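K.L.:
Starting from the known structure of chain A, arrange chains B and C on it as the hints suggest.
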Amino acid sequence: MGKNIFFEPKEPFLLSEIFSELKQKNKIKISDVKILQEASGTDLTFLDSIDYADIAKSTKAAYCLTTEKLKNFLPRTCTPVLVENVLFALCKVTKKLYPSADVDTPDKTIKAPKKSSFLKVKFGNNVLIGKKCKIGRNSFIGSNTIIENNVSIGKNCIIGSQVVIRNSIIGNSVIVQDGCKIGLKGFGFIPLKGKNLRFPHIGRVLIGDNAEIGANCTIDRGSINDTIIGKNTFLDNQVHVAHNTKIGNNCMIAGQVGFAGSSNIGDSVSIGGQAGVSGHLKVGNNAKIGGGSGVVKDVRDGAVVMGYPAVPLRDFLRNLKK
Amino acid sequence: MGKNIFFEPKEPFLLSEIFSELKQKNKIKISDVKILQEASGTDLTFLDSIDYADIAKSTKAAYCLTTEKLKNFLPRTCTPVLVENVLFALCKVTKKLYPSADVDTPDKTIKAPKKSSFLKVKFGNNVLIGKKCKIGRNSFIGSNTIIENNVSIGKNCIIGSQVVIRNSIIGNSVIVQDGCKIGLKGFGFIPLKGKNLRFPHIGRVLIGDNAEIGANCTIDRGSINDTIIGKNTFLDNQVHVAHNTKIGNNCMIAGQVGFAGSSNIGDSVSIGGQAGVSGHLKVGNNAKIGGGSGVVKDVRDGAVVMGYPAVPLRDFLRNLKK
Amino acid sequence: MGKNIFFEPKEPFLLSEIFSELKQKNKIKISDVKILQEASGTDLTFLDSIDYADIAKSTKAAYCLTTEKLKNFLPRTCTPVLVENVLFALCKVTKKLYPSADVDTPDKTIKAPKKSSFLKVKFGNNVLIGKKCKIGRNSFIGSNTIIENNVSIGKNCIIGSQVVIRNSIIGNSVIVQDGCKIGLKGFGFIPLKGKNLRFPHIGRVLIGDNAEIGANCTIDRGSINDTIIGKNTFLDNQVHVAHNTKIGNNCMIAGQVGFAGSSNIGDSVSIGGQAGVSGHLKVGNNAKIGGGSGVVKDVRDGAVVMGYPAVPLRDFLRNLKK
Numbered sequence: 062m063g064k065n066i067f068f069e070p071k072e073p074f075l076l077s078e079i080f081s082e083l084k085q086k087n088k089i090k091i092s093d094v095k096i097l098q099e100a101s102g103t104d105l106t107f108l109d110s111i112d113y114a115d116i117a118k119s120t121k122a123a124y125c126l127t128t129e130k131l132k133n134f135l136p137r138t139c140t141p142v143l144v145e146n147v148l149f150a151l152c153k154v155t156k157k158l159y160p161s162a163d164v165d166t167p168d169k170t171i172k173a174p175k176k177s178s179f180l181k182v183k184f185g186n187n188v189l190i191g192k193k194c195k196i197g198r199n200s201f202i203g204s205n206t207i208i209e210n211n212v213s214i215g216k217n218c219i220i221g222s223q224v225v226i227r228n229s230i231i232g233n234s235v236i237v238q239d240g241c242k243i244g245l246k247g248f249g250f251i252p253l254k255g256k257n258l259r260f261p262h263i264g265r266v267l268i269g270d271n272a273e274i275g276a277n278c279t280i281d282r283g284s285i286n287d288t289i290i291g292k293n294t295f296l297d298n299q300v301h302v303a304h305n306t307k308i309g310n311n312c313m314i315a316g317q318v319g320f321a322g323s324s325n326i327g328d329s330v331s332i333g334g335q336a337g338v339s340g341h342l343k344v345g346n347n348a349k350i351g352g353g354s355g356v357v358k359d360v361r362d363g364a365v366v367m368g369y370p371a372v373p374l375r376d377f378l379r380n381l382k383k
Numbered sequence: 062m063g064k065n066i067f068f069e070p071k072e073p074f075l076l077s078e079i080f081s082e083l084k085q086k087n088k089i090k091i092s093d094v095k096i097l098q099e100a101s102g103t104d105l106t107f108l109d110s111i112d113y114a115d116i117a118k119s120t121k122a123a124y125c126l127t128t129e130k131l132k133n134f135l136p137r138t139c140t141p142v143l144v145e146n147v148l149f150a151l152c153k154v155t156k157k158l159y160p161s162a163d164v165d166t167p168d169k170t171i172k173a174p175k176k177s178s179f180l181k182v183k184f185g186n187n188v189l190i191g192k193k194c195k196i197g198r199n200s201f202i203g204s205n206t207i208i209e210n211n212v213s214i215g216k217n218c219i220i221g222s223q224v225v226i227r228n229s230i231i232g233n234s235v236i237v238q239d240g241c242k243i244g245l246k247g248f249g250f251i252p253l254k255g256k257n258l259r260f261p262h263i264g265r266v267l268i269g270d271n272a273e274i275g276a277n278c279t280i281d282r283g284s285i286n287d288t289i290i291g292k293n294t295f296l297d298n299q300v301h302v303a304h305n306t307k308i309g310n311n312c313m314i315a316g317q318v319g320f321a322g323s324s325n326i327g328d329s330v331s332i333g334g335q336a337g338v339s340g341h342l343k344v345g346n347n348a349k350i351g352g353g354s355g356v357v358k359d360v361r362d363g364a365v366v367m368g369y370p371a372v373p374l375r376d377f378l379r380n381l382k383k
Numbered sequence: 062m063g064k065n066i067f068f069e070p071k072e073p074f075l076l077s078e079i080f081s082e083l084k085q086k087n088k089i090k091i092s093d094v095k096i097l098q099e100a101s102g103t104d105l106t107f108l109d110s111i112d113y114a115d116i117a118k119s120t121k122a123a124y125c126l127t128t129e130k131l132k133n134f135l136p137r138t139c140t141p142v143l144v145e146n147v148l149f150a151l152c153k154v155t156k157k158l159y160p161s162a163d164v165d166t167p168d169k170t171i172k173a174p175k176k177s178s179f180l181k182v183k184f185g186n187n188v189l190i191g192k193k194c195k196i197g198r199n200s201f202i203g204s205n206t207i208i209e210n211n212v213s214i215g216k217n218c219i220i221g222s223q224v225v226i227r228n229s230i231i232g233n234s235v236i237v238q239d240g241c242k243i244g245l246k247g248f249g250f251i252p253l254k255g256k257n258l259r260f261p262h263i264g265r266v267l268i269g270d271n272a273e274i275g276a277n278c279t280i281d282r283g284s285i286n287d288t289i290i291g292k293n294t295f296l297d298n299q300v301h302v303a304h305n306t307k308i309g310n311n312c313m314i315a316g317q318v319g320f321a322g323s324s325n326i327g328d329s330v331s332i333g334g335q336a337g338v339s340g341h342l343k344v345g346n347n348a349k350i351g352g353g354s355g356v357v358k359d360v361r362d363g364a365v366v367m368g369y370p371a372v373p374l375r376d377f378l379r380n381l382k383k
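Those sequence lines, one after another, are chains A, B and C.
Sequential numbering of the first sequence, starting at 62, is according to the numbering used here.
Sequential numbering of the second sequence, starting at 62, is according to the numbering used here.
Sequential numbering of the third sequence, starting at 62, is according to the numbering used here.
Because the hints were derived from the structure by calculation, they are not lab data.
Fair warning: this is a prediction, and the values are worked out from it, not measured in the lab.
Warning: the hint list may mix true and false statements.
For identical chains, the list gives no copy identity; a pair is met inside one copy or between any two copies.
[Unchecked claim] No more than 35 Å apart at the CA atoms, straight line, and that leaves these computed lysine-lysine pairs for DSBU-like:
#  : residue 1 : residue 2
1  : 256       : 153
2  : 383       : 172
3  : 256       : 88
4  : 254       : 195
5  : 256       : 176
6  : 176       : 156
7  : 172       : 192
8  : 175       : 193
9  : 157       : 195
10 : 256       : 349
11 : 307       : 71
12 : 195       : 172
13 : 181       : 254
14 : 153       : 349
15 : 216       : 343
16 : 181       : 256
Excised from the complex, chain A in its bound form:
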């Protein structure tokens, strides 16, 4: 993931500062929060599902928020921090390090771009650009579009009109059609009566070369992790990609498809219109998901599935005949 140019963590702190009930006696000082495979040094990570047990085994994190039941999957080098609700604890820790990443106040530094700072970039009318943005040559930014601070856009891109992009790194030759909202805070919170606790979103949106994003799509940035759209992957209009979703290369995603978050979609996957993919699933390479399907289980490489819930096409057709 490299250095996070969008969010800077506050000073390292002792976990006991926010978890007074903590059973551990050692004085844990946390400098950052990362996912299992990216944590190291004095980072805290988290493990809240057996699905990630394999990855947990080789984490280099110093500490891990987890439960009594899952703690044995961690290597000896990683100190388990036992809590009742992993996500709630993670939310508290992340908020302590990144206190303003839980809501998206629009960037106050945006203003009309200085032509001298963006050589060979063309701008429509009333474009607003934040501090430290990078835009490659021969790219075009449409009218009324807002690019917030630190966003990076490659060369030969076409960004449409009335678009908002924040916390995102966009490759070369990418097309983003009118009205898209990319890199906004995802839909993550701990439900509480009266005032939900919002989960900070310190991840980014990464869009690969030659990708295309249709009109009025929404692509949320990741919470701890990134949201990724692979190279040469095309999204039709009104697609919703929730936080932490990873879509591979050469995929074809038709109109109004929705991804519930944290799923991992392989390469060369095609998904028909209005289909939905639940959270935390794995869809294999070359899979085909029929229009209107509701995918609630992993899909294997090359599988063709359809239905609600989605089943192999053969089974779907057989069920119809009953």
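P.N.:
Below, chains B and C without anything else, positioned relative to chain A:
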């Protein structure tokens, strides 16, 4: 509902002016149109379904558009006005009182906000505000956003960029993400060949404290009644809330969910992505509706439903095994 | 279809210039690309499905891209050009004639409208209009809206705020609500690893008199053909209409409905919320499609269908009882 600050009715008029065929002989003069439980004085109300018979019994309306079949549910103090098509008649009456509420001509009074009128409010670039808007302190209005006349926004709110809000009353600490369109005329009309008769929409959108509305959502204002989003209720991206829908407090509505209008959703309800809720239904408190479900019947308190059409989760799972 | 005011073809050229493998010996020079029923003179057309065999019989095209299997449906006056992949070949030919129609670079000619050029037209703030646009009297264009070059809008229209319209011809008394994106390039491409080949879109969007388009809808222009919304047809919010879809007159399309493209919807059709219509289908006049349905087969005149996949309502209800 209180005084409607967005629409002012024309002069009271005799029903016989628009219903020459009216069987009643008494000279009825109508000053306003309201729903059964809010009508009083010289108001006209309407009753077009037996589902509202209980509420009808205690209406304080002077007059009620209804049918031969339903008229006996009205109290003696309320004069029934018998018509063949209640909604068509209601549309005619409402149009007479509110001739310009059937289409949304964008507010012509909007202009750059005077800083002196909005103390401690922060504005992005190119914000446009209509006459008599109120915005509470520490609220932020994003760039290119349009707030039309008389809209009220509480304190500590964050309204994103490229948003449009009209005919709405928004509480404190509410977040509205980029691209939302709130308070527009709903999808209501009497189908006619050649030129449909549009139903006037004189209702509002009311959004409670601490609510959050995701990117590119659309929330239509009510027709006669209001559309309501309760306190601490969170909507993910691309949700569509049609006219007169009421959503309770502490609800969790995932991405791309749609409400067809006039349904009543309880408190602490959670709805999965892409689910749809038909019109005129009641969903009980603490109900859970699975992603992709199509709800076509009332859902009881605490029920867990799934499927298309949605059934209790147990039945849904059993049907899968067949 | 008449003259295409949005795209001008390049010089006529020999098919052998792009198809070196071409078996035909005659020197074919192509001046334009049109659908079967609109081609004539030196136009090239295409036939890639037996569904269009009847129309093919009377085409006046000089040449037709097709396959060995389908060539016999063409009249003697039309020279078949045999290829393995009709759409791939069509894409190449169209790209040669219209090299810049495969991506939508926002119109660089847009600027604030001169009041003198648009008599009796009202404009909100920050409206941007391209060259040679026509707007009828008493029409209103909302704030931050972009109307690109050559677009034509009739009289008495209300175009909302934050709308983008390009490559479209809009009738009289049409309402387009806030946030719509109309006339953008559709989702058409030949999938290739590394860099998909985008299909040029030289069609338009045609919207009939008295139509209404809800907030945040997306209506893509046609590829070779036009996308058409009939007179007095109403679309609710967040509807997606893909390229080449034809919707008849007096239709009622509820929120979040999606059309996958190239389907032909009759007159007076009503479609419930979140329903989807697959590509290349025919839906008859007066058909009713239930909310949430997935239509994957033709629907006859007056049929009432529901379900996923959609079946006659009677069958849908019977299946529920099993």
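K.L.:
If a hint holds in the structure, say so; if it does not, say that too.
P.N.:
Against the structure, the hints come out as follows:
no. : hint      : in the structure
1   : 256 / 153 : within (15 Å within a copy, 43 Å between copies)
2   : 383 / 172 : neither (62 Å within a copy, 61 Å between copies)
3   : 256 / 88  : within (31 Å within a copy, 52 Å between copies)
4   : 254 / 195 : between (42 Å within a copy, 28 Å between copies)
5   : 256 / 176 : between (44 Å within a copy, 30 Å between copies)
6   : 176 / 156 : between (37 Å within a copy, 32 Å between copies)
7   : 172 / 192 : both (9 Å within a copy, 26 Å between copies)
8   : 175 / 193 : both (12 Å within a copy, 30 Å between copies)
9   : 157 / 195 : both (30 Å within a copy, 33 Å between copies)
10  : 256 / 349 : between (41 Å within a copy, 20 Å between copies)
11  : 307 / 71  : within (28 Å within a copy, 41 Å between copies)
12  : 195 / 172 : both (14 Å within a copy, 26 Å between copies)
13  : 181 / 254 : between (52 Å within a copy, 29 Å between copies)
14  : 153 / 349 : between (39 Å within a copy, 26 Å between copies)
15  : 216 / 343 : within (32 Å within a copy, 43 Å between copies)
16  : 181 / 256 : between (47 Å within a copy, 24 Å between copies)
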